[in-house]
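All chains should be built: construct the whole structure from the sequences, respecting the hints.
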Amino acid sequence: MLKHGDVWKAVDKLAAAHGLSTSGLARKAGLDPTTFNKSKRTTGEGKLRWPSTESVSKILRATGADLMEFVAYLQDGDTVPQHNIPLIGFAQAGAQGYFDDAGYPTGGGWDEIKFPGTSDDHSYALEISGDSMEPVYRDGDIVIVSPGSGVRRGDRVVVKTAGGEVMAKVLKRKTAQRVELSSFNPAHADREIPTSEVEWVARIVWAAQ
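Its first residue numbered 18, the sequence shown is counted upward by one per residue in the working numbering.
By construction, these hints were calculated from the structure, which means they are not laboratory data.
All the given hints hold, so there is nothing to weed out.
Computed beta-carbon distance windows for the label pairs:
no., residue 1, residue 2, range
1, D148, L84, 29 to 35 Å
2, L84, S40, 20 to 26 Å
3, N101, D207, 32 to 38 Å
4, S149, E62, 51 to 57 Å
5, A206, T70, 33 to 39 Å
6, L104, L65, 40 to 46 Å
7, S40, T70, 18 to 24 Å
8, K189, D148, 17 to 23 Å
9, A193, I159, 30 to 36 Å
10, N54, R195, 42 to 48 Å
Beta carbons: idealized from backbone N, C-alpha and C, even for Gly.
Listed below in structure tokens is the structure:
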């Protein structure tokens with residue numbers, strides 16, 4: 018059974034994991050800074066007050082976290098489980114042999130990093146290279162990619178083409194004929210790629226910057 022205290026602890030842990038106070042987390046999400054104050058967690062009459070689904074959605078989007086990370090904070094008391102996941106560079110990602118047809122990392126020989134709260138066994142970390150994704154992602158930033166998560170319009174995604182090109186973009190639209198992508202950096206053009214030339218599209222669920 019979902020407990021009131023556990024939900025609020027999850028909010029606290031999410032804030033701490035991203036180096037924020039709860040008021041800082043609220044501000045980052047565009048909410049009133051007092052939204053998550055301890056005094057707001059019960060009413061003046063002592064009734065329990067829960068965070069709204071809208072506020073939870075906003076803090077996940079603001080931190081780049083996904084729902085599974087938040088659920089992990091809910092389920093694990095005071096400690097969020099840490100998992101070793103592959104760390105792959107952009108140059109490696111474009112090479113043959115690092116991914117199967119579904120976009121799951123395969124083989125070995127790569128570095129690993131610890132990452133909390135992912136339920137996707139195929140998740141991996143990708144190190145950003147170059148300036149084409151600025152100002153959202155900079156050279157050396159690490160993004161966590163979840164091939165098992167569904168993608169929808171507006172998601173930040175990593176795309177690999179049949180020609181071995183790997184790019185991080187925003188998904189504008191995905192149809193049976195083409196994949197439309199927006200660039201983070203206005204100096205770089207948006208892309209439209211025939212679906213037949215796309216090997217896979219995977220969602221970015223978290224970023225360490």
